[in-house]
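4 protein chains.
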Amino acid sequence: MFNIGVIGYGYWGPNVVRNFSCVEGVKIVSLCDRDRRALQRFKKVYPHVETFTDHRDITTSRDIDAVAIVTPVSTHFELARSALENGKHIFVEKPFTVKVSEAESLIELAGKKKLKIMVDHTFLFTGAVRKIKELVGNNILGRLYYYDSMRVNLGLFQHDVNVIWDLLPHDLSIMDYLIQDKPSAISATGVKHFDRGLEDTAYIIAHFNDNLIAHFNINWLSPVKVRTVLIGGEKKMLAWNDLETDEKIKIYDKGVKVKSKEGVYKLLVEYRTGDMWSPRVDHTEALALETRYFIDCILHKKTPINDGFAGLRIVKMLEAADKSLKNKGALVRL
Amino acid sequence: MFNIGVIGYGYWGPNVVRNFSCVEGVKIVSLCDRDRRALQRFKKVYPHVETFTDHRDITTSRDIDAVAIVTPVSTHFELARSALENGKHIFVEKPFTVKVSEAESLIELAGKKKLKIMVDHTFLFTGAVRKIKELVGNNILGRLYYYDSMRVNLGLFQHDVNVIWDLLPHDLSIMDYLIQDKPSAISATGVKHFDRGLEDTAYIIAHFNDNLIAHFNINWLSPVKVRTVLIGGEKKMLAWNDLETDEKIKIYDKGVKVKSKEGVYKLLVEYRTGDMWSPRVDHTEALALETRYFIDCILHKKTPINDGFAGLRIVKMLEAADKSLKNKGALVRL
Amino acid sequence: MFNIGVIGYGYWGPNVVRNFSCVEGVKIVSLCDRDRRALQRFKKVYPHVETFTDHRDITTSRDIDAVAIVTPVSTHFELARSALENGKHIFVEKPFTVKVSEAESLIELAGKKKLKIMVDHTFLFTGAVRKIKELVGNNILGRLYYYDSMRVNLGLFQHDVNVIWDLLPHDLSIMDYLIQDKPSAISATGVKHFDRGLEDTAYIIAHFNDNLIAHFNINWLSPVKVRTVLIGGEKKMLAWNDLETDEKIKIYDKGVKVKSKEGVYKLLVEYRTGDMWSPRVDHTEALALETRYFIDCILHKKTPINDGFAGLRIVKMLEAADKSLKNKGALVRL
Amino acid sequence: MFNIGVIGYGYWGPNVVRNFSCVEGVKIVSLCDRDRRALQRFKKVYPHVETFTDHRDITTSRDIDAVAIVTPVSTHFELARSALENGKHIFVEKPFTVKVSEAESLIELAGKKKLKIMVDHTFLFTGAVRKIKELVGNNILGRLYYYDSMRVNLGLFQHDVNVIWDLLPHDLSIMDYLIQDKPSAISATGVKHFDRGLEDTAYIIAHFNDNLIAHFNINWLSPVKVRTVLIGGEKKMLAWNDLETDEKIKIYDKGVKVKSKEGVYKLLVEYRTGDMWSPRVDHTEALALETRYFIDCILHKKTPINDGFAGLRIVKMLEAADKSLKNKGALVRL
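Residue numbers (the numbering used here), protein chains in the order written: chain A, 94 to 427; chain B, 94 to 427; chain C, 94 to 427; chain D, 94 to 427.
Chain A with its partners taken away, still in its complex shape (with noise of 0.2 Å):
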């Protein structure tokens, strides 16, 4: 039996311990939380795990193999430390860390101490990135143009961060699993329209070399909620949106490419469009599979897709878009 202890039981943590329940030979043995509520809650539900306000409890504890960080990010850097240098695996919550020196930090510490880190970039395990990673992993689009992502609503306005290290890790980690290249820098602009000195609303860009770009979208203060990635390839061009229940991804036989030139005045740019066909996406739950694949990966040895370096290379992206951020949108190398 695989025993975890949960950290943090908020609004996304009933979600990692519903799941973590149903992997095939674990147990969750303790969970902490500094809100006495939030373990009334869980006791309701689970009344037979241990709960404890001291995170120590968790993190030191001797019956626990794996760590699960579900708190704000502000205080992963240190619950990741205490649970790594005990001797525990982690799964911590996205974004990973604060800073990139953090992020570091722990990737060094579970090296040497050989433990697993898994940064729950969710995303990856839904059925429509895992089609589009297929796709484009198969070279169906070709090479790409653009990448263009949406992702807006009127939001929840209990943050302590601002709309950037909200939404934007999602976005980022998506285009970084999917995406072999890396950008080279980043530029964002934002406004913030209250006292709280957050940006509510955001655009980012990433800039690739080879003329590639992703663009992200975010915002708060959208009346319609907005869940979009339009994908631009040299074969074919790719829309996900994934607010639709049945053809979230559709995949257009349309691209354009130049042939060949006559002359130097002339350019003969062709057009191919055809059909476009929406692949069935599996539909279970994201958070079911990534459970289990953590587990997976620690008994087998295996790498997570969403390692500590993929966890460390989306707040590489974050601190660089917050910095260009306070300088109006200047350029920042990665």
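Derived from the structure by calculation, the hints contain no laboratory data. Hints are supplied without guarantee of correctness; some may be wrong.
Each pair may be met inside one copy or between any two copies, as identical chains are not told apart.
[What the hints assert, rightly or not] Each computed BS3-like pair below joins lysine-lysine, with the alpha-carbon atoms no more than 25 Å apart:
1. 120 to 206
2. 328 to 318
3. 419 to 275
4. 275 to 285
5. 328 to 285
6. 394 to 421
7. 120 to 207
8. 224 to 318
9. 328 to 205
10. 328 to 343
11. 421 to 275
Could you slot chains B, C and D onto chain A? The hints should help.
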């Protein structure tokens, strides 16, 4: 009878001709195009109208009161100057000119000659934009937070200008009309994927005072056509989808308002979520209204909403966006 | 404390159990299912509740105030009678019974014993139906012209009843609730495509006096899921799309009204076309409201909107539809 | 040069005239309409074509090879007979005639005179219907289970016929073209809400052998415009939404197939759910193809897919539907 001469019978010319033909009291008396095949196409429908290949036969004609210039932007300045110098009012295809200095020079000339300039910002005459103008003008949305525009499709590639000069004039003219305040700076980022040196994908931000931000996503390489504008306001939010037939505009009774602060550490944000309302939008052809309005402004000595100064403001922003584009997104003051 | 016993833990039972559990002052004290695997699934979540395989352990128990019957329709009558005879209020899954005579017999029995019957017409408690009821009740639509309902999808095939008994109870209970007048006749046409003798596709018409017509399109073989109702009225028209998340109900300021007739041969029909308005719809789980309402009706001696008589009206229409179906669509008087 | 005379210049006439004008080798030599204002509208665009108010100036003219009859259906028979008797091929607006006997008489007359009849079932020439015909013809869908059509909108009320004679000819002609088998009976139910005695809402069912069913929902009183057809087949299912611009047709890799029966009491039904595929649909104007095809059929002695017999089949079904409508939905054998 008010006599009009038209220069240019390419993609947009036939629409301008057809609409001016229908204006009460207006007669199209001559058409000029350098391409004889264009003249043939014209003659089939309008066998009784004189045609020329030299624009001077129109700009210097004694029988003509106004000239409609529906040619590539690079030719606008010369044609418009010739027409104004010969005492003709002008109706000029958007964008007004290639350079700010040209627009200024034409405005000065028209002023001296007491002639009208109208720049063909067609969108201002659509039912949707007129309705949104009415709503914003009546302060239905409250103080504006952001203006977010997306105009992407698989574009025709016979361009002599990049995507900014091709698509952005539409959106800038709409924003300029709807928003009283004027932006203080522009930044733009774009990429080119083909050998012609023309950007096909670009993201532009217009920065206003008071934390209002406008953002434009334009792209010739999208498999799906998107034409949306989101406007977030303190009192209400608006979504405009121009591809919808019947429900183009939706106004959401949602807003975000900071309520009285209770203490330093606590911030209450009140969400009002409620009904949605979609006003009927008039379907009269925009160009029909605009051509009538042109004659009306001349006959009754009114200043058009889309006069030379409006055209100049758009050209200023386009010039700034192009400059920023060449400087990797650096902020360009207006 | 109000004690409830539940019979049946198949597809819908878990929802009934979960919702009754959450009602203030209510306790689920026992559950019965003939399938031991169902009892095991139940025990995982509710380890402290007694389970049985014989329904008499519930219907005759002294500790139980009310029985929820969540079993196949063919068993409803026997279970309900046993519960009522033993002095229990009953909450019965829809449709109420297989036969009109059974429904009438249960109503009579409950009347004698002064017990409540509630038939689980869940849809009546959705935000959408409650809002439409409010609109129709306030005569916002004016005199009704037609009610047009479509409920199609790729249905699960483990049915013991045809598509009429499976899908139509939903729609008939909604129509019965929304429309004050009751239909005078029913006709139904359907086909079966497989060897089991169960119709999988059917079209049903309910005829009212005064030229109101209701039409139902139900189908287990549709590749796309559709859940729409159109209601045409003299003053306004309403479209309800239950698959929309945010804009389920749209009210159109369109109506058709015959204006004063001018002579025998001329008929003026006035169209009012105008705005569309989409009211906010409450998202509270319908079954949560319904289970609370059941207890409330018992404790405060109120007559439920979905009482035995409502259940009976639906069974009458189902019986008539089935009879018409067997007679090639012949009209069956109610 | 092939000379055509056109009778009728109301709503549809201008489209017929414009399209015949564009056919290579065809000349419109005369137009007739009893309404002088219609002739004036015509003269503005076609000043050189002769106009008449008496149809005999066309049907008896020596210069005319074919007559296009674009008048109300009640006049079709007389005009068509006159044209055929004078040796003209005819192109007749749908529906072909008011009565079956009229259609049969015209077919006989054309046969004797060796003249072509084409009934203007325009929809058969749309890209969507041509694509669906190709798919059904290639047995992509497998054996057909049902054909479900919906055509509703806020209709114009200047009708001299009920909604069945107004809207249903479109759908019957499409079904007749797509489905090889012919229905054996029709039933129809409809209601009228205004004093004119014309049904505005109707539901029609066409019964086929082998459990295929076709259903039509037509309505002039709908606030929303709907134009959909669902076709369920053993191998695949198809959804056609004619209001979609780019993805009119979707083919679902879903079907229901009864697998080998294992015993009498057990029935295995296999669902195949998979990808969706949306083929490109040609956007050429249907009437452009149809008018060219008319000339082609005459010159090359081909039998049109929309010949007099096709027109007759539709009239037979309309007559049957009307009869059923008058008999409260009673089945009418064909």
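Here is what the structure says about each hint:
no. : hint       : result
1   : 120 to 206 : within (23 Å within a copy, 50 Å between copies)
2   : 328 to 318 : between (30 Å within a copy, 18 Å between copies)
3   : 419 to 275 : both (23 Å within a copy, 23 Å between copies)
4   : 275 to 285 : between (29 Å within a copy, 19 Å between copies)
5   : 328 to 285 : between (40 Å within a copy, 17 Å between copies)
6   : 394 to 421 : neither (44 Å within a copy, 44 Å between copies)
7   : 120 to 207 : within (22 Å within a copy, 50 Å between copies)
8   : 224 to 318 : both (23 Å within a copy, 23 Å between copies)
9   : 328 to 205 : neither (45 Å within a copy, 55 Å between copies)
10  : 328 to 343 : both (14 Å within a copy, 22 Å between copies)
11  : 421 to 275 : both (23 Å within a copy, 18 Å between copies)
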